[in-house]
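Chemist: Modelling step: build the complete structure from the supplied sequences, incorporating the hints.
The lines below spell out each chain.
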Amino acid sequence: MSPVGRTFSLMSKGRKKITGKKRSTGKRAARKKTASQKNAVRRTRSRKKTGGGWIGRIWRLALLVAGICLGFLLPWVTYLNHQVTTEFEGRKWDIPSRVYARALELYPGASLTLKDLEIELSVAGYRRKTNAGRPGIYRVAGNTVEIYRRAFRFPDGAEDALRFSVRLQSGKVVSLRDVESATPLDLVRLEPAEIAAIYPLLKEDRTLVKIKDVPPLLLTGLQAVEDRNFKHHPGVDIKGIARAALANLKAGRAVQGGSTLTQQLVKNYFLTDERSVARKVNEAIMALLLEYHYDKSEILEAYLNEVFLGQQGAYAVHGFGRASLYYFDRPLEQLEAQHIALLIGLVRGASYYNPRRHSERALKRRNQVLSAFETTGLLSAAQARTAAASPLDVTEQPRSRGTRYPDFVDLVRRQLAQVYREEDLKTEGLSIFTTLAPTDQEKAQRAVSQGLKSLYDRGLSASLQAAMVLADTDSGEIRALVGDRDASRAGFNRALDARRQIGSVIKPLVYLLALEYEADYNLLTRIEDRPLSLKQPDGSLWTPANYDHVSHGEVTLLEALTRSYNQATVRLGLNIGISHLLRKLEQLGVRVDVQAVPSVFLGAVELTPLEVTQIYQSLAAGGYSVPLRAVIAVQTADGDELVRYPLRMMSLAHREAIGVLNYAMTQVVEQGTAKALPGLLGKQLVIAGKTGTTNDRRDSWFVGYTRQRIAVVWVGEDDNRPARVTGSNAAMRLWAGLFRELSIESLDLRLPDGASWLWVDRDNGKLTGEHCPAAIQLPFVDGSGPAQLSDCLARTRDEEEESFWRKWFGKKN
Amino acid sequence: MERKISVRFFPYLMSGLVLLLSACAGQRTASDANREVESRVRVPASQESEGVQVFPLQNSAVQELLADATGAETSGDYNQAAVLLERALRIQPRNPEILQQMAEIQLQQRDYGQALNFAVRSYDIGPRVGEICNRNWRTISVAREHLGDRKGSVEAEQRARNCMNTKPQSY
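Chains as they are written, first to last, in my numbering: chain A, 1 to 813; chain B, 1 to 171.
Worth flagging that the hints you see were computed from the coordinates, not collected in a lab. Keep in mind the model is a prediction, meaning the values are calculated, not measured. Treat each hint with caution, since some may be false.
Heads up, simulated SDA-like pairs for lysine to any residue below, C-alpha to C-alpha not over 20 Å straight-line [as the list claims (entries may be wrong)]:
1) K172(A) x K151(B)
2) K231(A) x G377(A)
3) K172(A) x P93(B)
4) K172(A) x S743(A)
5) K267(A) x V225(A)
6) K172(A) x Q63(B)
7) K212(A) x K296(A)
8) K296(A) x E336(A)
9) K151(B) x A653(A)
10) K210(A) x Y269(A)
11) K210(A) x Y294(A)
12) K296(A) x E89(A)
13) K129(A) x R163(A)
14) K172(A) x R90(B)
15) K203(A) x W93(A)
16) K267(A) x P234(A)
17) K453(A) x P722(A)
18) K172(A) x I91(B)
Which residues of chain A face chain B? A partial, calculated answer using Cβ under 7 Å [to be verified]:
19) R139
20) D186
21) Y624
22) P752
Virtual Cβ for every residue (Gly too), placed ideally from N, Cα, C.
Modeler: Next comes the structure, spelled out in structure tokens:
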């Protein structure tokens with residue numbers, strides 16, 4: 001197990017340890033108590049012995065009964081005692097872990113449209129109102145959005161609630177303002193959206209509260225309604241039972257319960273719902289024992305977190321902390337008297353008084369509770385009246401509890417599974433901070449579903465499937481991930497699990513390897529695109545053909561890559577060696593298990609879309625490999641940092657060759673197999689890309705990157721049958737569908753040290769001057785540039801030389 | 001008898017001594033890493049580069065985060081400094097100043113591999129001249145030295161001095 005995992009298990013052990021000592025003293029005390037009871041019995045006997053014969057007989061009988069009782073009761077009570085103490089002290093609720101999206105940073109100059117901001121807010125559970133009067137609400141006025149951000153514990157520190165406004169203009173944040181102090185702000189984070197919760201097997205949802213954080217009215221009010229004598233009774237309230245019994249007798253059936261809070265807790269905690277005298281007796285004994293061992297405040301805190309207060313789908317809402325979020329979408333400490341009254345009212349019957357379903361009943365019950373508050377002096381008459389006159393205030397719908405983006409959350413689980421046991425994720429109440437950008441994810445999902453629909457309209461199969469991965473190039477943070485044409489379906493996650501041949505998507509690596517040999521290759525080096533036959537390990541011949549079934553003769557490296565010529569690539573690859581290519585894949589972060597056969601040069605390697613993204617991330621970032629990340633940090637339920645996945649990068653060798661290759665990949669889009677892309681995007685930008693198609697058009701791939709974003713798309717059939725797809729007719733269209741919606745910038749083509757831009761003659765590849773005909777600028781790894789000068793440059797140099805001499809010696813002109 | 005006692009106490013004495021020494025050593029390296037950044041990177045870089053300042057444009061959000069990171073660094077909380085710098089990098093992933101600061105934090109955390117990578121990255125996308133270039137190469141030099149690459153370290157120091165010559169871009 002990793003060091004992190006170790007600390008984790010240590011911590012959970014540590015939590016239980018605290019109470020170990022207490023338990024043993026408790027048992028000792030219990031033993032003492034039963035001993036003194038025995039003594040008491042003996043004393044009574046000696047006093048009564050002086051009585052008559054029949055009295056003596058009755059006495060002996062009573063003694064017998066008492067003895068039997070004691071003999072039976074003693075072990076029973078000891079057993080119950082053991083149960084109560086171990087259970088209660090080892091109590092640890094299974095708290096689901098919650099998964100959060102990245103926190104959106106707002107600052108002047110940030111790219112953001114009003115539409116995207118509203119998506120972010122709505123996914124984070126913020127509601128649009130006409131007045132942003134309390135946390136969780138926002139208001140839109142023209143191009144200004146006023147947001148009342150809730151308090152939130154970010155992975156690097158807690159921040160208070162903040163009411164601020166954002167002014168947007170032409171897709172950018174213009175300014176930020178603190179509403180209360182009316183001062184400008186430089187930087188504000190939105191509260192990250194909760195995108196999923198990882199639930200325990202026991203379908204209970206819970207947000208733990210500590211008694212010191214609970215509004216006082218909830219504590220006193222709960223006692224006023226459920227158990228007025230809570231402070232004083234020893235666990236069982238005789239008066240309360242009598243009162244209830246009387247009421248039940250009058251009604252002829254059970255209408256009232258005399259249960260104390262302690263008994264209710266015991267019932268919830270240890271016992272079944274069965275209604276019997278035996279259970280009642282057990283309940284009473286255990287309540288007494290619980291009170292004997294523990295403080296009132298401990299019992300009350302347990303009650304506050306245990307009581308059942310609602311049902312959300314398959315999940316039971318337990319405890320006031322969760323119920324407050326579930327009904328009001330506010331943390332407990334922000335509730336007002338009427339809200340507290342409603343929740344207390346639900347204790348009697350959470351489904352009967354369900355305020356979303358039976359609002360009238362709920363209102364009536366709430367106001368009963370409010371009047372109990374008034375009669376016990378917790379509220380003044382005026383306060384109670386105001387509270388009773390206010391609406392229920394329950395949100396129309398609870399914040400969605402389900403997983404919003406199952407494919408991304410799947411990746412999160414897998415990354416965490418390397419460190420944690422699944423069980424810990426389900427029970428430890430961790431906060432998991434991820435890299436997901438909800439707006440990007442929504443756009444990616446739409447790009448996939450609409451893209452596939454339009455492919456169908458263009459005559460392709462309706463059963464086509466797709467996967468899409470979007471990441472930030474420099475940080476390797478995954479912003480969106482789609483693994484199914486229907487993004488809401490959690491099932492086969494193609495982005496992670498569809499292992500498919502990558503076809504021509506591998507080619508840039510072959511050319512990269514060539515460019516690393518600066519003595520032998522540059523982008524203008526001529527290679528042969530001619531038919532060839534190779535003997536394979538099984539003896540058969542392999543004769544790769546080009547996509548257009550034409551051999552193009554002598555072509556430059558640049559042409560061969562941008563037009564994706566197969567024969568030229570295989571010839572080039574054979575000069576470089578298969579083992580080099582396989583090693584390159586490994587360097588770029590992908591482990592491949594493949595036979596070293598020449599068809600590897602044409603992409604006979606099976607990889608997942610995520611792996612392809614990892615490979616190209618390093619190239620897109622200019623030769624800095626960063627492990628793709630979905631998780632940034634994990635916090636414990638108490639807010640301590642459990643683990644952080646910091647940005648770590650590895651600089652690759654031959655970054656100058658990568659710089660040159662990146663330019664070549666922009667030419668794929670400019671004039672090669674992806675030249676339809678700018679039209680599809682409706683934007684003219686510098687973009688690097690590569691299409692990929694496999695045999696019989698089974699797989700369609702597109703890899704493309706801009707200055708800050710990289711995305712990989714795969715389209716094909718699940719059963720791997722021919723799908724009539726090519727890189728540019730399918731995957732590239734989906735890619736364009738996504739990038740059309742994103743704010744993007746041109747790729748940065750600045751070269752690292754060791755490579756430079758040179759002017760060369762387009763026709764003959766000779767070094768030339770900027771002013772010369774047919775001059776184009778191309779990147780070269782230093783030392784790989786053309787040795788020969790064009791006639792034009794040679795002439796210029798002669799002239800320069802001449803003018804130099806003339807300047808110094810030839811003043812006569 | 002006397003000898004016996006001394007033999008018996010010898011291991012304790014030694015272990016005590018070792019503990020004492022290691023405590024001293026631990027302290028020294030911790031502050032050393034910190035001093036190293038000042039004495040071997042920042043101070044010489046700023047001295048040598050007087051007048052040659054090439055500063056990229058920064059937005060106010062990044063400035064705020066950089067200031068907070070510097071605060072965290074001053075109080076010795078390198079972890080928090082790294083977290084804040086990472087936030088700044090999300091806003092401006094190719095800001096050479098943020099990358100160089102990150103490299104210096106890694107140096108102080110004695111993660112020399114990462115210090116090296118961040119400094120090289122900062123140089124690659126930075127101005128490659130002036131004070132930041134100087135800090136880039138000095139960081140690389142210190143990191144290489146700790147990684148056992150003595151020759152590379154000396155070379156890097158030479159490169160740091162070259163940062164002051166504004167070399168013509170070769171096209």
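Chemist: Each of the hints needs a verdict: does it hold here or not?
Modeler: Each hint, compared with the structure:
1. K172(A) x K151(B): With a Cα-Cα distance of about 49 Å, the restraint between K172(A) and K151(B) is violated, given a limit of 20 Å.
2. K231(A) x G377(A): 16 Å, holds
3. K172(A) x P93(B): With Cα atoms ~18 Å apart, K172(A) and P93(B) stay inside 20 Å; holds.
4. K172(A) x S743(A): 10 Å, holds
5. K267(A) x V225(A): 18 Å, holds
6. K172(A) x Q63(B): With Cα atoms ~19 Å apart, K172(A) and Q63(B) stay inside 20 Å; holds.
7. K212(A) x K296(A): 13 Å, holds
8. K296(A) x E336(A): 25 Å, violated
9. K151(B) x A653(A): Satisfied, since the Cα-Cα distance of roughly 18 Å is no more than 20 Å.
10. K210(A) x Y269(A): Roughly 18 Å separates the two Cα atoms, so the pair holds.
11. K210(A) x Y294(A): 16 Å, holds
12. K296(A) x E89(A): Status holds; Cα separation ~14 Å.
13. K129(A) x R163(A): Holds, at roughly 14 Å.
14. K172(A) x R90(B): 16 Å, holds
15. K203(A) x W93(A): 12 Å, holds
16. K267(A) x P234(A): 16 Å, holds
17. K453(A) x P722(A): 19 Å, holds
18. K172(A) x I91(B): 14 Å, holds
19. R139: 24 Å, violated
20. D186: This interface hint holds because 4 Å falls under the 7 Å limit.
21. Y624: Holds, about 6 Å.
22. P752: Cβ of P752(A) sits 5 Å from chain B, so the hint holds.
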